[in-house]
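Protein sequence lines correspond, in order, to chains A and B.
In terms of the working numbering, the first sequence has 210 at position 210, counting the first letter as 1, and numbering is strictly consecutive.
In terms of the working numbering, the second sequence has 125 at position 125, counting the first letter as 1, and numbering is strictly consecutive.
Simulated from the structure, these hints should not be mistaken for laboratory data.
Warning: the hint list may mix true and false statements.
It does not matter which identical chain is meant; a pair holds if it fits inside one copy or across any two.
[As the list claims (entries may be wrong)] Simulated pairs of lysine-lysine, DSS-like, Cα-Cα distance not exceeding 27 Å:
1) Lys333 with Lys399
2) Lys59 with Lys288
3) Lys288 with Lys58
4) Lys212 with Lys401
5) Lys59 with Lys163
6) Lys75 with Lys21
7) Lys156 with Lys212
8) Lys92 with Lys21
9) Lys365 with Lys260
10) Lys212 with Lys163
11) Lys75 with Lys312
12) Lys395 with Lys228
13) Lys395 with Lys21
14) Lys379 with Lys59
15) Lys75 with Lys17
16) Lys394 with Lys58
17) Lys394 with Lys216
18) Lys92 with Lys17
2 protein chains.
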Amino acid sequence: MYAFSNAVNSMHSEDIKLLMKQASGKNLISFAGGMPNNDLFPVEQIDEIYNSLPEDLKKLCFQYGPTSGYPPLIKSLEAYLRNKGLEVDDNKILITTGSLQAISIVTQEFVNEGDIILTENPCFVGALSVFETAGAEIHSIPIDKDGIDIKALKSKIESLDRKPKFLYVTPNYHNPAGIIYSPQRKKELLEVLSGTGIILLEDDAYSDLYFKEDEKHLTKAMKSYGVKDVEIIYTGSFSKILGPGFRLGFMLSSEEIFEKAETVKQALDACTSNFMQILGNEFLAQQKLGPYLTFLRSEYLERKDLLQKYLKAYMPEEITWNEPKGGFYVWLKLPSHIRSTEIFRESVTKGVVFVTGRTFDPASKKDDRLRLSFSNTPKDRMEEGIIILSEAIKKVLQKSKSTSPDQLVL
Amino acid sequence: MYAFSNAVNSMHSEDIKLLMKQASGKNLISFAGGMPNNDLFPVEQIDEIYNSLPEDLKKLCFQYGPTSGYPPLIKSLEAYLRNKGLEVDDNKILITTGSLQAISIVTQEFVNEGDIILTENPCFVGALSVFETAGAEIHSIPIDKDGIDIKALKSKIESLDRKPKFLYVTPNYHNPAGIIYSPQRKKELLEVLSGTGIILLEDDAYSDLYFKEDEKHLTKAMKSYGVKDVEIIYTGSFSKILGPGFRLGFMLSSEEIFEKAETVKQALDACTSNFMQILGNEFLAQQKLGPYLTFLRSEYLERKDLLQKYLKAYMPEEITWNEPKGGFYVWLKLPSHIRSTEIFRESVTKGVVFVTGRTFDPASKKDDRLRLSFSNTPKDRMEEGIIILSEAIKKVLQKSKSTSPDQLVL
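If we strip away everything but chain A, and leave its shape as in the complex, we get (with noise of 0.2 Å):
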């Protein structure tokens, strides 16, 4: 039941329901979280850490904390951030329980109920609960190979008739469809957003899990570019880089939705655990970020690799994907009369889950997409989870063939 409701972090709830009645006690070949796998976590490393925290810090990891972050992390955190060429002294950091509260306390701080928040389609689900939850009308652009679609960002923002609160986006190895924005796009989104007074919320998770050094220089983040009419709140997070169990994140804004940010952070939480701020604070302070980074790239290249050879040994030619640069994710595209949700119905039934194409849509119905994640999946068990997957993508489309296309159609 546990490694369940692990295993459906970010599963569409219907889903999670006929999983749920249909697979339990199975053993479950996931390729559903968004999650690194519990044998990737530098444990031996922050084991060393903690046992050789001096008696005072130690102390220190049981106190309550400054709202802002613990200063020696924020210290650190600079540091990592010039080094991602990001402006930090006109900026400042706070720190949050994860970066979704940042997310979160952005909302807070900018959104009322009704008011327009701009997304991509798809896009990464925890940010939409937060939007949607704070009940603003969430319009969504779609994204193609190299990130938004400029022509529709532009016609979108002109036919509003109010001033959307800000833009989401996630330009590196985006959650779901795996896709890195070209700096070209980059530029174009800058451009569009220019002067419109529309903040640009950054969300950056993934662009330490680049694959090539040579493709490093793709991550650069907007917030770097060093444009002065476009007001840009960067988001970061140690989830994929040390583990999603710290609950570590952080934001980098202008000092005036710093403070206000900071206000909205003291009435959720007070702040962030001192404990996981001083271990993720001595894991960067004591260089131990990049070895392990080292580590994680080579491992999560080879399970990229391996998914890729076995879809393509396995998947029907109807179907197709992309092969991401970086970070976790595949997105495969059906056919447009194919639902990913009636796969899944197929596929759970045989032990296989993964994250449905409507689950990333706002209006939760485009469904011609599937979500593979290969961060967490074991190795030794992937191929016969891509088997499994085929076959009940082969059934499906099999069905759909002598089917009349209207019957399909829920």
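Starting from the structure of chain A, add chain B where the hints point.
Chain B in isolation, oriented as in the chain A frame:
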């Protein structure tokens, strides 16, 4: 600077500014913080727990968990709450990132801008900041040595044109007033709420910190009284019985309230740190809490006795105060024409800080009280601190005698 931010945790923003200006670099004696002393934390016990975690559990520390909480911790909390006489089976537990998050979740679940919340006066300042951030209309009701003023509560409810969303109270070892509600007063409070549809939000962060075993029964939660026609949400915290740095709290509520709360929690930070939950759970499950509480109670009793001794020895006769039966706080009463903010101005220049009375008044006005916390002051500096504080009080009293009362009103 950092020790500073810690010392000022719950202080009024203007008092903090003064503190920064006047006392920067000084070796402060602080009666301000409502936190345990760093030397009292169960560091050895957590060391032992951490270092004997099985490998699998250690890995799980790094991972996401279910939004509602780490299931073994929920089980342990069920036992802990049953032991306090609470009805667990008809209710559900939600683990939160500190109990302040529980208050924040309940507020987001029930309160829209302009809605009414009832509080005590004085009221825990952390809760006030949540209610203010939500844009609630706060109506506060005075308390006396036995709890909330029942007559005032009744007539407040009758006088309002809209139903308050909930009444927020901290009945056990009140912060800042240091009182505990009498069983009679708890009963009367429930009678007043009965049938009104006003939810009772019962915040119980201190009940394990009674000084005398034969007074333990006084801490009995109203949620355990078996009253059926008052909806009670009960919140608790690990901050005072393990460490605030863990950011672990919980709420116990009906299933209906739990379900909405879980959705709000999902949009706030996805889940509470598994790392902190696993350590917290082992602390409970390995029966380390009981012996630790025995140690804590005797430590706090000793500090309480010391503070009472020095207050009796040095305070001018115009000053009165309570002798708490548990918890952290003494709530000094000044002559009504003296403002604690004046005393703060005086004492801070001599290196002694506390929290001013107005901090706990929703209207930020009532200022004839001051809160002394004895939980975090080094025992060997208490006497010096109280001498300095009483000198400051005497000076302000003296000044008030040589000035006409009109000139004192700000």
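Right, here's what the structure says about each hint:
With identical chains, the CA atoms of Lys333 and Lys399 are at most 27 Å apart within one copy only, with a shortest distance of 18 Å there and 80 Å across copies. Taking the shortest alpha-carbon separations for Lys59 and Lys288, both the intra-copy value of 23 Å and the inter-copy value of 18 Å come in at or below 27 Å. Taking the shortest alpha-carbon separations for Lys288 and Lys58, both the intra-copy value of 19 Å and the inter-copy value of 19 Å come in at or below 27 Å. Neither within a single protomer nor between protomers do Lys212 and Lys401 lie at most 27 Å apart by alpha-carbon distance, with minima of 41 Å and 78 Å respectively.
For the identical chains of this complex, Lys59 and Lys163 are neighbours neither inside a copy (48 Å) nor across copies (45 Å), given an alpha-carbon limit of 27 Å. Proximity of Lys75 and Lys21 under a CA criterion of 27 Å is satisfied inter-copy only: 24 Å between copies versus 49 Å inside one chain copy. Proximity of Lys156 to Lys212 under the C-alpha cut-off of 27 Å is found in neither arrangement, the shortest distances being 35 Å within a copy and 67 Å between copies. Within a single copy, Lys92 and Lys21 get their C-alpha atoms only as close as 47 Å, which misses the 27 Å cut-off; across copies the closest is 22 Å, which meets it.
With identical chains, the CA atoms of Lys365 and Lys260 are at most 27 Å apart between copies only, with a shortest distance of 24 Å across copies and 36 Å within one. For a Cα distance limit of 27 Å, the shortest separation of Lys212 from Lys163 qualifies neither inside one copy, at 39 Å, nor across copies, at 61 Å. For a Cα distance limit of 27 Å, the shortest separation of Lys75 from Lys312 qualifies neither inside one copy, at 46 Å, nor across copies, at 46 Å. For a Cα distance limit of 27 Å, the shortest separation of Lys395 from Lys228 qualifies neither inside one copy, at 53 Å, nor across copies, at 54 Å.
In this assembly of identical chains, the alpha carbons of Lys395 and Lys21 lie at most 27 Å apart only when taken from the same copy (21 Å versus 73 Å across copies). In this assembly of identical chains, the alpha carbons of Lys379 and Lys59 lie at most 27 Å apart only when taken from different copies (18 Å versus 40 Å within one copy). In this assembly of identical chains, Lys75 and Lys17 lie within 27 Å of each other by CA distance solely across copies; the values are 23 Å between and 45 Å within a copy. Proximity of Lys394 to Lys58 under the C-alpha cut-off of 27 Å is found in neither arrangement, the shortest distances being 56 Å within a copy and 41 Å between copies.
In this assembly of identical chains, the alpha carbons of Lys394 and Lys216 never lie at most 27 Å apart, being 37 Å within a copy and 66 Å across copies at closest. Taking the closest pair of Cα atoms, Lys92 and Lys17 come within 27 Å of each other only across two copies (20 Å); inside a single copy the shortest separation is 42 Å, beyond that limit.
Checked against the numbered hints given earlier, the structure breaks hints 4, 5, 7, 10, 11, 12, 16, 17 and satisfies all the rest.
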